[in-house]
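Student: Each chain, written out:
Number of protein chains: 6
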Amino acid sequence: MSPTFALPPTFLGLEHRDPAGASLVVAGIPFDLGTTNRSGTREGPAAIRRASRMLADGANPMGWIDPAGLSVADAGDFSIALGDIPASLALIEEQAAGFGHLMAMGGDHTVTLALLRALHRRNGPVGLVHFDAHLDTWPDNFGQSLAHGSPFYAAIREGLVEPRRMIQVGIRSPVPKEVHDWTAAQGVTIVSAEEVHLSGPEAVAARIRSVLGQGPSYLSFDIDAIDPGQAPGTGTPEVGGLFTWQVMAMLRRLKGLHFVGMDVVEVAPAYDVAEITALAAASILWQYMTNMVYNQ
Amino acid sequence: MSPTFALPPTFLGLEHRDPAGASLVVAGIPFDLGTTNRSGTREGPAAIRRASRMLADGANPMGWIDPAGLSVADAGDFSIALGDIPASLALIEEQAAGFGHLMAMGGDHTVTLALLRALHRRNGPVGLVHFDAHLDTWPDNFGQSLAHGSPFYAAIREGLVEPRRMIQVGIRSPVPKEVHDWTAAQGVTIVSAEEVHLSGPEAVAARIRSVLGQGPSYLSFDIDAIDPGQAPGTGTPEVGGLFTWQVMAMLRRLKGLHFVGMDVVEVAPAYDVAEITALAAASILWQYMTNMVYNQ
Amino acid sequence: MSPTFALPPTFLGLEHRDPAGASLVVAGIPFDLGTTNRSGTREGPAAIRRASRMLADGANPMGWIDPAGLSVADAGDFSIALGDIPASLALIEEQAAGFGHLMAMGGDHTVTLALLRALHRRNGPVGLVHFDAHLDTWPDNFGQSLAHGSPFYAAIREGLVEPRRMIQVGIRSPVPKEVHDWTAAQGVTIVSAEEVHLSGPEAVAARIRSVLGQGPSYLSFDIDAIDPGQAPGTGTPEVGGLFTWQVMAMLRRLKGLHFVGMDVVEVAPAYDVAEITALAAASILWQYMTNMVYNQ
Amino acid sequence: MSPTFALPPTFLGLEHRDPAGASLVVAGIPFDLGTTNRSGTREGPAAIRRASRMLADGANPMGWIDPAGLSVADAGDFSIALGDIPASLALIEEQAAGFGHLMAMGGDHTVTLALLRALHRRNGPVGLVHFDAHLDTWPDNFGQSLAHGSPFYAAIREGLVEPRRMIQVGIRSPVPKEVHDWTAAQGVTIVSAEEVHLSGPEAVAARIRSVLGQGPSYLSFDIDAIDPGQAPGTGTPEVGGLFTWQVMAMLRRLKGLHFVGMDVVEVAPAYDVAEITALAAASILWQYMTNMVYNQ
Amino acid sequence: MSPTFALPPTFLGLEHRDPAGASLVVAGIPFDLGTTNRSGTREGPAAIRRASRMLADGANPMGWIDPAGLSVADAGDFSIALGDIPASLALIEEQAAGFGHLMAMGGDHTVTLALLRALHRRNGPVGLVHFDAHLDTWPDNFGQSLAHGSPFYAAIREGLVEPRRMIQVGIRSPVPKEVHDWTAAQGVTIVSAEEVHLSGPEAVAARIRSVLGQGPSYLSFDIDAIDPGQAPGTGTPEVGGLFTWQVMAMLRRLKGLHFVGMDVVEVAPAYDVAEITALAAASILWQYMTNMVYNQ
Amino acid sequence: MSPTFALPPTFLGLEHRDPAGASLVVAGIPFDLGTTNRSGTREGPAAIRRASRMLADGANPMGWIDPAGLSVADAGDFSIALGDIPASLALIEEQAAGFGHLMAMGGDHTVTLALLRALHRRNGPVGLVHFDAHLDTWPDNFGQSLAHGSPFYAAIREGLVEPRRMIQVGIRSPVPKEVHDWTAAQGVTIVSAEEVHLSGPEAVAARIRSVLGQGPSYLSFDIDAIDPGQAPGTGTPEVGGLFTWQVMAMLRRLKGLHFVGMDVVEVAPAYDVAEITALAAASILWQYMTNMVYNQ
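Chains as they are written, first to last, in the numbering used here: chain A, 1 to 296; chain B, 1001 to 1296; chain C, 2001 to 2296; chain D, 3001 to 3296; chain E, 4001 to 4296; chain F, 5001 to 5296.
Derived by calculation from the structure, the hints in this document are not laboratory data.
Any given hint could be a false lead.
Footprint (simulated), chain D over chain F, 3 or more residues, beta carbon under 8 Å [as the list claims (entries may be wrong)]:
1. 5032-5039
2. 5191-5199
3. 5227-5238
Each computed EDC-like pair below joins lysine to aspartate or glutamate, with the alpha-carbon atoms no more than 20 Å apart [claimed, not checked]:
4. Lys2255(C) <-> Glu1195(B)
5. Lys4177(E) <-> Asp5066(F)
6. Lys1177(B) <-> Glu1194(B)
7. Lys4255(E) <-> Glu3194(D)
8. Lys255(A) <-> Glu2195(C)
9. Lys1177(B) <-> Asp2066(C)
10. Lys4177(E) <-> Asp4140(E)
11. Lys2255(C) <-> Glu1194(B)
12. Lys1255(B) <-> Glu194(A)
13. Lys5255(F) <-> Glu4194(E)
14. Lys3177(D) <-> Asp4066(E)
15. Lys3255(D) <-> Glu5194(F)
These numbers come from a predicted model, not from an experiment.
Ideal Cβ placement from N, Cα and C applies to all residues, glycine included.
Work out the full structure: start from the sequences and follow the hints.
Tutor: Here it is in C-alpha cells:
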C-alpha cells in the first residue's frame, strides 16, 4: 500500500483513466486567456491533482462514502487553442460534449461558458449555484466580451441557465451599479459574503436549495469566493471572503439536489502557499463526488 | 481601456497627482526605524499601491460609489531622514501639515504620532478609533521612547487626542499590566479581538460610533489588527486576530462619522504572500474613501 | 534591554537552561519519520523557538501573568535515532521520563506515544484533550503501525489514557468508518471542526472541562487542528479547520484543570509563511504556561 | 534627498514623464497572451520599475555616466487588447510608432514583432542582437502563429530585420532540427550558451560587433537567456544559461554601435525571488542607457 | 497539439506507461527516511515530472535527437515501506530488478544502494560516475548505517561497484579525514568542485571517460553537486557547487559510454524556487536519454 | 549523537558559550538602522546560526581541520539601542572591546565602523580586505553620515585602517565618480567583480596577499559581494557578482595572513531562499575559523 505521496498523478490517484463507462469524469482545462488581473490558472489542474493526494485515503465522514472508490475517471486535460479565446471555447465545448457527468478543473472562469453550452445541448437550461467574489455578469472585460468576467452574462443571454433558478454566493467585489442591477433584474439571487458571515452557512444552504429546487442544476465554484487568507492562489482576490468551513458546510447540505455537472475554476498556483488553495479546490470536488454518491 | 495590470503605479491608478485642490490626498510614508521586531514597512506604500489595482474597476456596492472617480490625489511618498527617528518625525509632521484631508500609507506605527501632531495644529484634539493587536501606549520601546509601541502614549500626553473619545479594537498581545492599566485609566475604551469575535462586528461598530460621537475623529489602522492568516506581511503578528470581513463590516458601519484623517500602517511586504496583506490595506483605504463620499 | 530579535535562541529567550529545579521544562523533539504525507517537522522546534520571541515581552492579559518570568527551562532538543522509529520512540520515552512537567515541541505526532508512555510510568493513565484534524487512532499507516496516524490507537490499547476522559477537537479528515467507530466505541468524545464553528469555543471548552474532570490530564495539540490558512506549515492539512482565536479562547477557559504535560506537534516550517504556523504553536505553549501559573 | 525606497514608482524614479522631447523613452508592455508555458509576464513592467530603484543613485562606472540624469522619460504602460493577440500587436505597433528611441519592458517575446514593425516604418530593416535561450523562429506555437516562439520567424519573413546582421546569443533549448536549420539558412549567426561559457564574453562581444557592423541595430533581450539561478522569474527557463556578469560584460563592450531601439522581455514576477530577475532586467536597460549616452 | 502545460503528468508527458518492451524506464522512488539534514525528497519525483514538461517539445541540439520520441516508459512510483529503511531498500531492490534499463528519480541517496544491488544481480560490479557535494562513503550517519551518507560505503564493501572504475565529481563538503582517506584508498578518483571550476568541464569529462572506460557503468547524480543558487531545493546544500552549464557540458561529452542505469536524487521541492531544481534534474535525465539514443 | 537538525541553536552548535578563554568569539549584531534600500538584517545572526548546522559535522578538507573542535565561543547577540544609530555604534564598540578575536555576524555594514574602532584601541590601524559590491566610502547616505554606505569613509578618516593596506573585491555598483576617485586617491586597491571573473580567484588572492602583507589585518565581508543568484537575501543586491566557489577559493588562499578580526554583514533573511544566503555567510565564517587554526 503506497503512502499518499507515491500515488499516480491523477485526481485522488485514480487508476481508472477511461472516461467511457465512468459515472463521473474529472478533467482539467488549462485555459487562462480570459484573466483580467493576475494570470496563471493554466497551471491549476496539475496543482489540484497533486493536492488531492491528501484526500485519497479514507471515507468522507458524511455518509462514510469513499469517493476514491467510485466509478470516476480522470480524463486528463482538455486541448485548447493557444492564444485564441473563441477557438479555445469551441474546442472546450466540443470536448465537454463528449463526456457524461463532468467535473471540470479550471482554468479561468471563461471556460464555464463553454461547459454550459455543452451541457445545454443535452440538458437544456439548468439551474445554477455560483460561488464567487464577483458577479461575472459584466458585458465587457476591458474591451473583450469573452473573458472571465462575463460567462454568466453570456449564459443568461444565450438561455443556458434559468436566471430565477440561479443564485450567487460570496459576492463582494467592486462592480458598476448597472452590472449589478441587470443581474438582479434577470431574477438572479445575490448573496453577499457578509450575508453568509452574518446569517451562517445553514441558512444560506437552505436558500440555495430553495432557489435551485429539484430541476437539473450546475455548480460553478470560483475559488476566489473563498477568502484570500485561505485561497491566496488566484488572480482576482477580494478581502472579506468565505471560509472553507462555511463552504464545506454549505456543500454538505446540498446533497440530494439534482446536479448534472460542476467546475472549480481560477486556481493560480504561482500565487499559492503550501498548496492550500489547490487543496481547497480538491476538497470541493471531493465533497461534490460524495454528494453524487449519496444521491445514487 | 486598460486592464488593471496596466494602470499607472499610483493608488487606484489615479492620474491626478496634484494634491492642491483634491478633497482627499493619499501619500506614502516609507519609515520603519521604529519597528521592534521584524522590519521592512518602508516597502509598504509601494506594495499597497500595486495591490490597489484590483479595486480600480467598479463601484463600492455600498452606495454604488466609485472611489476612483473622486477628487483624490496620490501625492507620492514623504521624505524621511534616513536612520534618524526625531528628524523623520519632524519631516513627516511638516509635510502632513501641508495637505488637507490626508490618507497615509505607512510605514510603521510611529508615524501616526507625527500625523496627529500635524492634525492638531489645525483641528485641536481629535477622537480616535484605533485598530491594532497592541495598545501602542508603551512609554518605552526597549529603551527608545519614539517608536512603534508608543504613538498613543505620546499622543495622549501631548493632548493630541481626547482619551474618552478613543477606542482600540482587536487588542490581544502580551503587555505589561501597568501599560494596560494606564491606558484604561485615561478613559480609553479597549475592545479585545476575542470580544469582536464573540459579539460580532455590528455591535462593535455601534460601540465605536458611541465613543467617537460627532466630533472630529481620526482612524488609525495597524494591519496587525487583522489575523496573521489574512495579513502575514507585518512585523509583530499575533494570533487570534480580526478577520477582514469583520473589519470591512465595521468600517461600512462607520459612515457618517466626522473623520478628518486616517492611516494604514505596518504593512511589511517581504513577509506578505500573494499581495494579500497589501490588498487588505488597500481595501481599508478604499472603504474609507467611499465613506467620505457618502458623507458629502 | 534587548529588542525581541536579539534574544537568546531559546523558547521565549529563556536564559535558564537547566531543567532540574524548573517547574516546567520545554524541549524539542525533532523527529519526523512517522509522517505519511509532506515531511519536515524535524525543523519544527527551531522554528517555534524563533517565533516565540514575539511573545517574550509582556504579560498575558489573562491574569496578567508573564510566562517568561516563571521557573521554566528550555532543555534543548531530544536525541533521536536517525531513520529508526522504534529506537527513536524508546529514546524519547527515556529522555521524557527524566523530566518533571514537560512541554514538548514536535516533531510529528508519533512522539506523543513515547511521551504518554513516559508519563504513564509516573502518573498512570491520564485524561486527554486532543486537538487535531485527524483522529490518529488508525491501527495502521500504509503498513506501518508506529507512525503519526496511530499514537492514540496504541495509547488506548496500552492503557496510557482513559478513553472516557478523552476528547478530540477539530476532527474533519477523510477516515475509514471502522477507525471512527472503534474510537467512539472506546468512549472517546469526538468534536468535529464544524461543531466548534457552529457552537462556539465557550461551549466546546465547557465540554472539554466536563470530559476531563479534575483528574490528571494531558494536552496534545496537532497544529493541523488549525485551518491551513492560519497554519499552512504542516504535513497533512485539511480545509475547514479551527481558527486561532477559537483555540486561544478554548485554552484560556481550561485554566484550573489538572494538566501534567503537553505537546504541540506537526509544525513543518518548510511549508510555513512568515512564521505564522510557528507563532501559533508558540502561542499555544505560552497560553499553557500561563494556565499552569494560574493554577499555582 | 529621498532614499531609494521612497522614489516615484517610475523607471529609476524618473520624474520626467512626457515622452515628447526625450531622447530615450522607457515604456511597459504588459502583454502575455503569447506564452506557451508558465504565464505572468503582464506583471513584468511594474516589477522592473520597482527593482530599478536600486540603480537610481550614482553613475555607471563605465564612463561615469549617470543614466538617471539623461533626457529619458518613462511613458507608462502601453494599452493592449485583452485576450486578443492580433489586436494587441496592432495596438502595440501603433503606440510604438509614436515614440522616438524606445526601450520597451515586456511582456512576452511576441511584442518584439510589433516593435520591429513600428521600427521598420521609420528605419527599414535593422540588424539584431538577440539574447535568448530559444531561437524564437518557430513557424508555429502549438497551432498559434503569433506567439512568443515566433517573433523572429515573422520578422525575417516580413523583412523587418537583415538576417545576415542578426546574431542570437545564449541558445540552448530543445528545438526541432528544421527550425534550427531554417534559421541558420537565413544567414543568422547562432551562439550557444555553452560557447559563451567556453570562449568568454569578450570574444562573443567582438563577434556581435562584427555581425551588427555600424548599421542601425536593435537589441532584444529575453531574460531567459540568463540562467534560471539568476533569473528564475520567467516562463520557459532552461538550465545552463548565461551569467549576468557575462551579460553585463558583453553589453559594456557594445558601446558605440548604432542601436535604434531595444526591449527586455519575459520577466514573470510571480516566479521571481527577492526581485533578482527584475533587477537583472533593470540593469540591462540601465547599461543600454549608458551606452546611448556614451554614443552621444 | 497541446501546450506544455496540458501534457499528461508523466515524465516528458510520455503516454506510454507500460515498462515492458520499453528500452528505457523512468520511475520515481519517493523515499526520504535516510536524510540527515532537511527532509522532503519524497516529493521529488512529482516535481521532476512536472518540470520536465518544459523539455517536451523539440529535439536535443546534440545530435537532433528528441528523447520524447524514444521507446521510454514512465512506470510511476515505486512502493516503499513507510518509516522503515531496511524494508524499503528491499522493496526498492525487488522492484528495480523487474525492469531493464532504469532511470530512477529519488528520493534521497540511500536508494542508490538498493538500485546498485538490483543491478548487480544482472550486471555484476559496475563502474560509477557519481556527481555530489559529498563523498557518501560515511560508514555511519549519526548512528544509522543505512542512510544517505553511506550508499557507496556499502556498495564498495558489497562489491557492487569497481572502486577503480569509480569517480566522484563536485566534492566539497566538510568530512572526517578518515572517511576521505578510506575512499581514496579504495582507488576511487575524487574530483573537487574547485577542480571542475579551475580546469573546466571538458577536462573533467575526459577524466571521467578515462576512469569508466568501456565497461558497464552507472551514473548517480546527487542534485546537491550543483550549486545552491541553481539547485536550492535539496537537503544538504554546500556552497561553491557545480554550475548546470558545466554539468550539461560534461554529460554531453559522456556519450558513447556504456551506461546500464542511472539515478537523480535528493530533489526536495519544498525548498525549491520556481521549479529550477526540478528542471535541472529533469534536464539531466533528458540528456542521459539523448546519450542512450546516440549510443544505439 | 544528534543529527544536524537537533543541534543547539548556536553557531555550529557550539556548546561552549563563555567567551572568556576562547581563542575565537562568534557574536551576532542585529542592527539594521543603517540600511538604505531593503531592510531586515537584524534577523541575520539567527539565520546564519541556523544555517551553520549544515557545516557542523566533519573537518574542512583544507588541512583536515574541524572548526567545531576549536576553542570557539558563541557569545550570543550584542545589545543595541533601538532606533538610534550613534548610541548603537557606541554600544557595539564597547561590547566588541571586551572580546579578544571577534567574528561578528551582522547586521548591516554600519557595524563595521564600531568594530574597527574597538579593534583600533588594541591594535592600532589595520590592513583590510573588504568583499563587497559597493565601495562603502560614501561621505553621505541620503543625508545620514553614519549608515551602511559609509563605514570605510569614516574608518579611513579616523585612521582605523591603513588605506594602502586596504583592498576591495567584487565592486560593481553605480557610484558617484567623486566617491570612487576619493577612495582610489587614499591608496585603496579596488578590484571589480568583472576583474575577478576574468582573471580568476587565484590571481586575486595573490593580489590580496600582496596588499595586506604580514601586518595585522581585518576581513569585512558584505554578503552582497556574492551574486544575487547565490545570495538573494540581502538589501542592496547588484547583478554580476562573485560566485561562492571564487569566494571560498580566495579565502582558502589567504591562510597564513595575520587576521585579528572579521565580520560577515548584510544578510537579510526575509529575502533569502532555502537558507542559501545564510549558508554562504556561515561558510565564510567557517573557512575563516579554519584559516585561524592553520595559522596556529
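Student: All hints are to be evaluated individually against the structure, with a verdict given for each.
Tutor: Status of each hint after checking the structure:
Residues of the segment 5032-5039 of chain F lying with their CB closer than 8 Å to a CB of chain D number 3, which satisfies the three-residue condition for coverage. Look at the segment 5191-5199 of chain F against chain D: 5 of its residues bring a Cβ nearer than 8 Å to a Cβ of that chain, three or more, so the hint holds. With a cut-off of 8 Å between beta carbons, the segment 5227-5238 of chain F has 9 residues touching chain D; three or more are needed, and the interface restraint holds. Note on Lys2255(C) and Glu1195(B): the hinted pairing holds, with a Cα-Cα distance of about 19 Å set against a maximum of 20 Å.
With a C-alpha separation of about 9 Å, the suggested pairing of Lys4177(E) with Asp5066(F) holds against the 20 Å cut-off. The hinted pair formed by Lys1177(B) and Glu1194(B) meets the criterion: a straight-line CA distance of about 18 Å does not exceed 20 Å. Proximity of Lys4255(E) to Glu3194(D) is assessed by CA-CA distance (about 17 Å); at most 20 Å being required, the pair is judged to hold. With a C-alpha separation of about 19 Å, the suggested pair Lys255(A) and Glu2195(C) falls inside the 20 Å cut-off, and the hint holds.
With a C-alpha separation of about 10 Å, the suggested pairing of Lys1177(B) with Asp2066(C) holds against the 20 Å cut-off. Annotation: proposed proximity of Lys4177(E) to Asp4140(E) holds, straight-line Cα distance about 14 Å (limit 20 Å). For the hint pairing Lys2255(C) with Glu1194(B), the CA-to-CA distance comes to about 17 Å; that is within 20 Å, so the pair holds. Between Lys1255(B) and Glu194(A) the alpha-carbon distance is near 17 Å, which keeps this suggested pair within the 20 Å criterion.
Between Lys5255(F) and Glu4194(E) the alpha-carbon distance is near 17 Å, which keeps this suggested pair within the 20 Å criterion. At roughly 10 Å between alpha-carbon atoms, Lys3177(D) and Asp4066(E) fall within 20 Å of each other, so this suggested pair holds. Taking the CA atoms of Lys3255(D) and Glu5194(F), the gap is near 17 Å; set against the 20 Å cutoff, the hint holds.
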